[in-house]
Each structure stands twice: as C-alpha cells, then as structure tokens.
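Asks: Since each chain sits alone in its own frame, please combine them into the complex, following the hints.
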Amino acid sequence: MSTVELISPLTDEERYEIEAEIAHLPDRESAAIDALMIVQKHRGWISDESLRAIARFLDMSAATLDGIATFYNLIHRQPVGRNVVMVCDSVSCYVMGADSFAVKVQDQLGIKFGETTPDDCFTLLPIVCLGACDRAPTMLINEDLFGPVKEDELTEIFSRYS
Amino acid sequence: MSLQDTKPLIGRVQEVGGLVSLSDYEAGGGYTAAHRALKQMTPSDVIDLVREANLRGRGGAGFPTGVKWGFAKGEPQTPGYKYLVCNGDEMEPGTFKDRYLIEFNPHSLIEGMILGAYAIGAEKAYVFLRGEYHEPNRQLARAIAEAGEKNYLGRSIFGSDFNLDLRIHLSGGRYICGEETALLNALEGKRGQPRYKPPFPPASGAWGRPTIVNNVETLCNVPAIIRNGAQWYHDLGLTEDSGTKIYGISGRVNKPGLWELPMGTPIRELVDVHAGGMRDGYKLRGILPGGASTDYLVEEHFDLPMDYKTIQDAGSRMGTGTMILMDDSICPVDMARNLQHFFAQESCGFCTPCREGLPWVEELLADIENGNGKDGDLELLDQNARYIGAPGNTFCLHATGAIEPLQSALKYFRDDFEHHIEHKSCPYREN
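Residue numbers (this note's numbering), protein chains in the order written: chain A, 1 to 162; chain B, 1001 to 1431.
Only chain B is shown next, with the shape it has when bound in the complex (with noise of 0.2 Å):
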C-alpha cells in the first residue's frame, strides 16, 4: 500500500521526501490519469465521474466541482473559445495550503489541469498566481516547461487532438482577486474589481467567452478520482462529504503546519494530536475554521468534524480548511481590529456599505481598545454587521465574509467587548 492511496494530494511529497520531480511524479503513477482521459474518456466521462467523486470547490464555497464543469460543456466547442483558470490566489489570511502543493507537488496541478480543461473543452488555461509567491511561481514554471518538454502540454498531447496552453499570470496583489470575477479582470490586465452576476462565469467570463475558475487543491484531487474512481475517493472520507483534505493550523500550537486527512477530521484531533495540543501556559479559546472571513468557533464546536455540511451547522464554513487560533493571551477585540483593518484595507472601494462601512468598523473597533469605548458603541457594530453582512447590499461577498467574525466575535466573547467599554482600557495589555 502507497502512502498515495489515502493522501492523493501530498502522498508523493512525503514519499519522496519534499519536492515531487517529473521523474518522481511519473513513477508514482502520475500523468497516467490524463493519458487515459485523454485517449479511452470522453469529457462528459471525465465529469461525470467527477461529479459522481462529489469533489467539492476547495477554495472555501465547496460547490461541487463536476456540476460546475458541466455548465462549460454545453457552450461552443470552437477550439481555444474557452478557458480554465486556476485560482492560485491564495491570500485569505491563515491559509497556506495552495503555496504547499504548489511548491512541492507542481505536477499534480498540471495534470489536474490538462483533465479539468479537457473535461470542459478548453485549449487555453492560466494559473492566477499570487505575486508574493516566488518559490512556488518559479516551481510551476519549471514544471510547466517539463511537462511541455514532454508533450504534456501543447499541441496533440498524448497523441489525441486535444491541446492545450497553460500560463501563469502573476497577480499584481490584492485579496479580492481571490473573487473569481474580480480574478478574470485581473487577468484581463484590468482593475480587480468584482463584475455583476449574472452572468457567470460558465457563460461568459475571461474576455467575455465561458471560463471555470477552480482552486489549486480542487484539481489536484482530480488526477487519483480518475485514477481510482469515485467511490475510492467517497470512501476516504469520515463523513458525508468525499475525499481528503488539507487542514492546516496556525498559532500557539506546539507544531503549527498542514496535514492532509481524511474529510471530517474531527476539531480536537487536529489541535491535539496533529498539532501537537497548545503551547504550555496557553489555552484555546477560539478558532476561525477556515481563514479570516469565517465566523469563530469556541469550545462547544471542537469536538466537531471538519466537513462542509457540519461547520455550516455550527454557524460557520469550512472554508479554506486552514484554521487560526486563538488563544486566552489574545485580546478578542484587538483580534477584531486586526482582522477589520485587513478587510478595510482589501475593499476594491466598489460597494459605499463595504468601502465606507469597514473603515467605520476598524475605527469603532480601535477606539473600544485604545479605551475610548462609548456606550452604544456595541449596538452600533451590531447594526453595522447587519448592514454590511446582508448578502445582495454589495456587488460580491467581501463584506460579507468580513462580518463573519466580527458578528460571532461579538457574539462569544460580548464581555470583553462590554469590560474593554466599561473600564476603558483593554485587560489583556496589563499583563
């Protein structure tokens, strides 16, 4: 048994010991699952077993992957008339899982590319890659030549008529390139702005023809679904939803880092066991599931699995699958204020409920702090959170995903909010 049968994402990084070469990827069984798509499935094949995989979007919303690729198959099938494009963005913060598979398992990309492009008939796809991202942008690139090198990519690939060029595009940095609308103008060269849906993207995305936009670990999922079939990949989850995931942990943990694990890998395992349990002197009072726009978890939640249908129960997404944690040395106002400025300062400026209500927000939020808390002040954010959260006051869900921790941040931890107001002063900076 190969460490792959249970970790198709990064099985072959630990087997091999760090990055995954070419040569490394081949004999582990890679690029077989796009030879044989390319020459014995047809792409509806391809998305039907992907759907039948119940492979979910893994860039935070979870939309299940083969229903999305099925909304590109029935439009024009001129060649080069569509586009796949990989969301490499990675820029929600506490989420470092994409710059992992990017950096030591590149070709696993590439390959679950050339299937996802083939699945909905693309001859062009781009990596949006973050700017920030040398090492793993200089990775790719090495591994997109390799693969070219071996008619992987390019004109006729394994001999099929299918081809394919794939380019990264190098963001020039903003958090709501993330988006994936905003991410299409962004690759067009233009402002990141989010664009008005409908339409989508399925119908009419990069320069106006149909695009599907997938994150990073969605497609490398896709070469061992293919390999292994659909119900391999349903079974390695603990829970209803298929597959692995790659959870991740930052700080104060003993071992903060990233595993891949089985779907519904329950909270407390991934504190405790995986990361090792917190450090000496700290103990956990909150997390944020699945980067900065997810709503807190406390306590009463940790005993949870981390699957999509679950956390959504508890309030909150799965989102990224990369969690934060706070710990009893952190003050869940200033962890506000942090979070707040970050989203202030990441608005495209578009929407007035999300360019003027966040910097509104970040300012009552440091004032509570700083101990120039008012009475009402509390009511005020609540109001605000209600504003700005509401889907549909804005164009996209930035601040929507905003709010997500503050409306539970005040919700949990109200009375450091309402001891920060009362006493003017914030108890965590005496000590």
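Looking at chain A on its own, in the form it has when it is part of the complex (with noise of 0.2 Å):
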C-alpha cells in the first residue's frame, strides 16, 4: 500500500491570501469558497490535488469542500485555457437572439460549450444572465463584458486574447 498523498501543497502567496480571509472570519472553513477562489485564480482550475490542499489547510475534509466546489458555477473542476468565455444564455439575451449568437461564438472558436481550443487559448462555457440584459447579446471574456456584440466583431474580439 502506498502511503504517497496526492496533494499539490499551496503556494505561500496562496496561503497568505486565504488566512487575509480567515482573519475576517468566525473559523477557518467559513473561507471555504474564498480559498477555492484565490487558488482557482492562481492555478485556472482546482484539481482534485489542489481541492486536497485547501481542505487540509481549513481543517475540514476533502469531500465536504468537493461539495461546496461543484455546487458553484464559477469554480472549475476541470481544467480551463487560459480565456474563459462566457455566454450568456438566459431571457432577455435569449429574446435578441442569443441562440444564434452562440452558434456564431462556437463557430468562431472551432469548439463547443465545455470544450477548450487545441491551443489551451480559449474555453467556452454558457453562463446565466449577466445582468447587463439592456446591452444584450453579452458575454464575459475573463473579467471582460461586452456586449451588445455584433457577430462580425467576434473575429476582432477573440483576437485579443490570442
């Protein structure tokens, strides 16, 4: 039996960060989604090495921290490019046209929702409304929201990023 833990130790700016969070906080485990957060930022993504690493540093166990980790939307499991697009897809983007919108965003990207370019470039994923329904259709380029955009503008968008 191997005794080896699969654990990807964090960062000292990392571990800085989340006890900044703690500080403000009644225990440690309330800085659960902080911690994914911070590392998420560091890393892209929490892999099952990272998720083991943050649990262990909150004093709480890995699966109740893999629980919190998959019930939020912006917290990724899997590994994500170095862009993460996001396109809205709720009512009032759906009313200008969103559906056909993102049949132009896929196709411009060469992927599909939950696909990630060859390059590790750009990852694709539906998000919900991004609460700028008055400049629909939108979409978030990391920290970036456009919109409305014009499908002939996505070329020049994208390639921003490249």
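In short, the hints are calculated from the structure, not lab data. Just so you know, not all the hints are guaranteed correct.
[Unchecked claim] Straight line, CA to CA, 20 Å or less: simulated EDC-like cross-link-like pairs of lysine to aspartate or glutamate:
1) B:K1190 - A:E29
2) B:K1190 - A:E19
3) A:K150 - A:D66
Replies: So, in structure tokens, the structure goes:
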C-alpha cells in the first residue's frame, strides 16, 4: 500500500491570501469559497490535488469541500484554457438572439460549449444572466464584459486574447 | 432644485455624468444623513423614520424595510453580535439595476449600510456580490477603502461610539444564493442551499446570529429618507407605494435601459416613452414585469401602473421592476423552454419537486417546441405547474418562481402551445 498523498501544496502567496480572509471570519471553514477562488485565480482551476491541499489548510474534509466546489458555477473542477469565454443564455439575451449568437461564437472558436481550444487559449462556457440586459447579447471574457456584441466583431474581440 | 430631489438613487449620477466619486457624493450632501443619524438620532428613530416612509424591499418581495429592521432591534446588543448583509447577488434574469447602482453610486450603498447597521445594532456588515460583477466589485472595494480613510467606516464613526466593519463577499455563482437563507449559507462558505424557516434570519442568520438581509436598491434609498423625511419620500410615488423605483426594460425596444421614476409609473409610459417604443416591425405581446420568475402580463395590463399592489392584483409581481419584453417574433413555447432551462439548472437540488420536476417540464417544452408534442402534454404541464409551484411543497420559493412564467404562458399563449402540438412544428421557425 502506498502512503503517498496526492496533494499539491499551497504556495506561500496562496496561504497568505487565504489567511487574510480567515482573519475576518469566525472559523477557517467559512473561508472555503474564498480559498477555492484564490487558488483558482493562481492555478486556473481546482484539481483534486489542489482541493485536498485547501481542505487540509482549512481543517475540513476534502469531500465536504468538493461538495462546495461543485455547487458553484464559477469554480472550475476541470482544466480551462488561458481565457474563459462565457456567453449569456438567459432570457433577455435569448429574446435578442442569444441562440444564434451562441452558434456564431462556437463557429468562431471552433469548439462547443464545455470545450477548450487545442492551443489552450479559450474555454467556452454558457453563463446565466450577466446583469447587462440592456446590452444583449452579452458575453464575459475573463473579467471583461462585452455587449451588445455584433457577430462580425467576434474575430477582432477574440484576437485581443490570442 | 437638484435632480436628487426627484431621483434620490441616481440623480447624482446624472448630475456628475457617470461614476459618483467620494468628493462628488459629499458635494451632493452625501454622508450627512449618516452623520446626523449617528450624532442626533437613536437607532429606533432611524427605524421609525424608514417605517413611516413605507420603504419596501426592492429585491422582489416588497417587505417593509423598517418592519424587518424592527425584528432585529430587540436582540442582544453585544457589540459585533449581529450582522447586516446586503444582497448584491443580482442574478434574476433580466435584472441589471443593482449593477448600475454599485458601479456608479457605490457610496450611496455604503451610507445606506451605515444607517441600516446603526439602526439594527450591527457592527459587521457584508455585501454579498455576484462573482461575475467584476467592475462593480472594483468600484465598491475602492469606495469602501475611501470611506474607511475618512472614518465613515471603522471605529468611532463621526466621533460616535458606533463601529462598522464592511466587507465584500464575492459569490461563487448560483442563482439560489439570492434567496436570503441560501445566501447566508454561502456567506458562511457552505453550499448555497436554503435553510428551513423558522427561525428567520433576524432571529438566527449568519453564523447563528441575528442578521438582516436587504437588497442593494433598498439600502440606497435610506440616506435620502433620513435627509428629507418620510413625507417627502411618500410624495415621490404616484400611487400608494412610496418613493422612486429603478425600472428597466430589455427586449426589442429602441432604447433598452434603466430609469429612476416615480413608483407607479405606467407600463405603457415605460415602454413607449422611456424605452422609445418597440423597434420597427415588432409588436409587443407579453411582459415579464419583474424578472424571469414573474407571471406574464399582456395587452390588457399595459396601462397599469407599476407598483407592488397593482401588479399583484393583476396576477403577477413587480419583482425587481426590470421588465423583459416578448415581441411577436418570439415563440412563447421556446421562450418558456429557455426560462425553464435556467430554473432547472439553477435548482439547488434539495427538494424533489424542484430537482426532478423542473427538468421534466423543460423536456416537455423542448418536445413541444421541436414538433414532438403529444396530446395530453399541456394537461401534464398544467398538473406539474400546480404540483411544483405550490408553496409549501418545497423549502424555498425557487420552484414557485419558476412556475410563475410557465403557468401564465400556458394561460395567455395557449393557442401557440396547441398549434405546436397539432401541427408538430414551431410556426415561428418557418419565418
């Protein structure tokens, strides 16, 4: 039996940032979501190895933390590309043609929703209402909000992130 | 006369032409309400004034804010024992008002939170903010830092013995976190599942302590109420509901957007005047008046004023006051499918009617839309709507909200559903 633990230790920077959150909370477990978001910011996604490291750091079980990680839309439990493109599929954008817009985005990137381009540049995901309904159709690339997006602007927009 | 006299929420944004900086906010009378309250008013005075003004929650439920604050007032006064939480998890599809307020007038939210926290006796407050709201997060974080430097936040605010620590919690993203007990679980770092009620949050909320949860727009109303009084606030409304409302319109209109207008502004005025009317070639068929989880209103309702009671009497809810317009190019069956896709996906999965029922409804709608509808499908949808939507069959109101646009679509656009089943196709696709 191997006793090797599959764990990817947290960096000093990650520990420091998570401790800064814990300092304002009643207990360590309360920082679970903050910790997941911090580690994801540094590593792009939450691998099983990262998950175990965070759980140990917060004195909680990895299973409980996985239940939390998988509950939230913005925490990635699978690898993503360098840029994450999220296209709104909720009702205001739908009314303004989000379905055909989504087809154009997929064509442009050459991938379907849930996939990553072979060069790891883009991951494409659907997202719920981005709260910019007067600018439908909308999409979010990393932290940048776009809307209303015209289909013929897509090439130029994506080229900024390539 | 200043724009702020009639538009307490965003009048200052219009006056300065964009982001209201700390100095802009102060020059417009900002933080004088908090100063006066902390120096000259008791917490009970603040609560009484807000109750008298008849401020009602702008997150959708419309509960009187002063009454809610009163629930937490009598709780233990141990410093740091209570929490004020601002619900900035704006995720109701079609809603974009709180983003605007936080992004362009962040200090009005901070001042509203100082007043709310003082009123209930909370020394710690959180803004629960959507994880996708990057720019609002940056603006609010900067404003909180600025307010701290001026000692509007922190210890002994304005030389009083009141302290307030205000922090942002960035959500991991889930619609259900807008439900206040789910929000509290998420704030505690847990899965965002709703809690059984009672106890209600004013008795036992975040980390088991008395907690008041208020919407962004609700809190932004408070400074002007303290400054100008209850009568002034009451007189702003056109009907029996007080104040102004941020109304929004999305859909095929000439000028989609947001406007701060007197509470009770008629729907037709919102669409035709403020949103510039429907685009050429499109006719308005239905409206979701307050976000995705509200019942449709149709032609017979378009002259109604948008206030809590009128819209409720018409069989819907004013909700967030941000309306989604369905024009005559949109298939009501496919729009219902889109809506149920959202609600099925965002169900937290705890209660069976919601977890199992909503995907079933989505599947039925997809079948009908794709020409695979069968006789009896509409009756099955009606039945599901009754079972899933009945309050009390589930812990929270997610499923109830999900069913509202479905039951009203089945009522007002039934011909469309029947046509799909009878002809085994969607007539809107042929165009």
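Asks: Each of the hints needs a verdict: does it hold here or not?
Replies: Going through the hints against the structure:
Distance restraint check for B:K1190 and A:E29: the Cα-Cα separation of roughly 8 Å lies within the 20 Å cut-off, and the hinted pair is therefore satisfied. With a CA separation close to 18 Å, the supplied pair B:K1190 and A:E19 stays within the 20 Å bound. For the hint linking A:K150 to A:D66, the alpha-carbon distance of about 38 Å lies beyond 20 Å, and the restraint is violated.
Checked against the numbered hints above, the structure violates only hint 3.
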